[in-house]
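From first to last, the protein sequence lines stand for chains W and S.
Be aware that the first sequence starts at 0, since it is given in numbering that gives the first Met the number 0, and climbs by one per residue.
Be aware that the second sequence starts at 0, since it is given in numbering that gives the first Met the number 0, and climbs by one per residue.
Hints may be right or wrong, so weigh each one.
As the list claims (entries may be wrong) - Computed Cβ-Cβ distance ranges for the label pairs, DEER-style:
#, chain 1, residue 1, chain 2, residue 2, range
1, S, Glu222, W, Gly95, 26 to 34 Å
2, W, Leu143, S, Arg56, 44 to 52 Å
3, S, Glu169, W, Leu143, 54 to 62 Å
4, W, Val170, S, Glu169, 36 to 44 Å
5, W, Gly23, S, Arg56, 46 to 54 Å
6, S, Ala104, W, Phe24, 32 to 40 Å
7, S, Lys53, W, Thr13, 37 to 45 Å
8, W, Gly23, S, Glu24, 54 to 62 Å
Unchecked claim - Computed footprint of chain S on chain W, listed as stretches where at least three residues anywhere in the stretch have a Cβ under 8 Å from a Cβ of chain S:
#, segment
9, 4 to 12
10, 77 to 89
11, 93 to 104
Rather than coming from a laboratory, the hints here were simulated on the basis of the structure.
For each residue, glycine too, the CB sits at the ideal point set by N, CA and C.
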Amino acid sequence: MSKYALYKLKDMITNVEALAWSIGFIEFWVLMWLFVFSPSSPAQVGWGEAMIKGNIAMAYSFLGILSMSSAAIGLTAGVYRSSFARRFITRFGRLGPASLVAEDFIGSVVAVVFFAAVIFASVEVLSYMRWGVLVVPDSPVGVLADLVLAGIILYWLAYDVAMALIVARRVRGVSGGSMTTLIVGFIVYAQLWVSFGSIVYLIPLAPLPALLMYHSLSVYPPVGAYLKWLARVGTVKTINLRLAAASSIVWALVLAAIAVVLTRKGGAVSVEEIGM
Amino acid sequence: MLRAENLYVQYRWRQEPVLKGVTAEFEGRCLLLGPNGSGKTTLFRVFSGLTPPKSGRVLIDGEDINKIYARAGALATNLPEVYNLFFLNAYDHVIVYADLLGGDADKAFEMMERLGLRRDYLKKRKPWELSGGQRKAFTTGIALSVGARNTLLDEPFEQLDPAKKAGLAEELSRLEGTLVVNTHETWVLKPFREWTTYLMFEGKAYGPVRAGDLLESRLVRGEVEDAILVFEASGKVFSLVKGEEGEALTELVTLDRIYEVGMG
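Just chain W, with the same shape it has in the complex:
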């Protein structure tokens, strides 16, 4: 292995702008969630410990994914910015195209999982300070696997957006296009209030909060409208966890396959054409 993966990781976790979006911005939502949107005295609104635990697990699941989506903005910009350096390195450096993508992938996924872990830890600590309840995931390995899967999907989504912009020769679309991952993150976040029904299996990342909830609390979560489910208002259809896992894995594979196609097409676009 070369130093590439290590420096990719350093690149992502020392970039002040990326840190501001993926940690600073999301921490604001952590504080809002715990200190503004959640009741200070759960007993007064009839919340038992199980409900508080559900609330905390939802907080780190949804905000963790939002944090990763935000970090992935930097991934898109990075892939775009470095696309020509990558072309040179893969020919005249010691990493071929596959090795470079592998190292880039490792460095990036570790970084986005790190951002999610920071949000996870801050939710745990702040919730404990507020309610004295600590939510230890029933399956830490499962939670980690879910976060890694989210990182993988976001990595390939960010990569595909950057390569699509290169293939389409749309230089001006970079800043707007980079936001794609965050938009997807907010679509996932919207599931707190709305239920997409069976469409949830067709949206990248959307079934992942359910998997996180399951691995955290060993409960079968709904297809959406999580707050309604938590407050036990009405009935919400329970998610099919196998289908949720299959959907996430298929999305990761589809996005990776698109990346291969776009990378090949991107090789035919010259530096001068996109003005780098």
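Let chain W serve as the given structure and place chain S on it in line with the hints.
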């Protein structure tokens, strides 16, 4: 050894090609002289795998560039777009590139210091935050530290003061392998008089000739028999000849002035 065979580069459909059938072979010490916008940098980008040609072939040490992958040490260049990998400072970029390209980071830092770029300063700036001259020193330092079999230097003397230009010229003379330096400045003919030289105008390459022969040549309009080189620029034919007639090529200082000569 680098070889271009009938290379055409066109960016957009129906746009005039930037390279128009360039055939050239570079081995040992070589100069590529031409005015700004003549296609020198584009030719380097094609050799570096950054710009795909519309037609023609590029061979690096006899092998088609399309078949070359993970070949550290085959080619190094100072083209700035190659050194834009991370959002990290210039110092970190030197470390990563030395590792990836099989170069020597200490040698790169030493070279940069000789070109006026301090190591501690690199820790405070991202590559794109360096000034034009500093960035040239940064990319040239990395390219030279690789010790590649083929090295391409794009305008390495640009924005350097005379003392540093002389120091770099001396350094280049010591380099092993194939080295191609592209520039629009004609003073390089003097220190590099034994180097093989190609002239480049409007997407076409002319040569090879010995730099020393160009140094003694004069530029005249029209096609002259027994000329060292005949080329076209701005729709006019020029010849480089030995003798007293015309303007000495070195007096032009920069080949951009060819067009002034063409206007009479």
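Hint check results:
Checked against the hint of 26 to 34 Å, the C-beta distance between S:Glu222 and W:Gly95 comes to roughly 49 Å, which is inconsistent with it. The beta-carbon spacing between W:Leu143 and S:Arg56, approximately 50 Å, falls within the hinted interval of 44 to 52 Å. Between S:Glu169 and W:Leu143 the CB atoms are about 57 Å apart, so this pair conforms to the stated range of 54 to 62 Å. In this structure the supplied range 36 to 44 Å holds for W:Val170 paired with S:Glu169, their Cβ-Cβ distance being about 41 Å.
The given range of 46 to 54 Å is respected by W:Gly23 and S:Arg56, whose C-beta atoms sit roughly 52 Å from each other. Hint check: S:Ala104 to W:Phe24, Cβ distance near 36 Å, so the stated range 32 to 40 Å holds. At about 41 Å, the CB distance of S:Lys53 to W:Thr13 agrees with the hint of 37 to 45 Å. With their beta carbons about 56 Å apart, W:Gly23 and S:Glu24 fall inside the hinted range of 54 to 62 Å.
Using a Cβ-Cβ cut-off of 8 Å, 4 residues of the segment 4 to 12 of chain W lie near chain S, which meets the minimum of three, so the contact claim holds. Figure legend: the segment 77 to 89 of chain W, annotated as covered by chain S; annotation consistent (10 residues with Cβ-Cβ distances under 8 Å, at least 3 required). Only residues whose C-beta sits within less than 8 Å of a C-beta in chain S count toward coverage, and the segment 93 to 104 of chain W has 5 of them, enough to reach three; the restraint holds.
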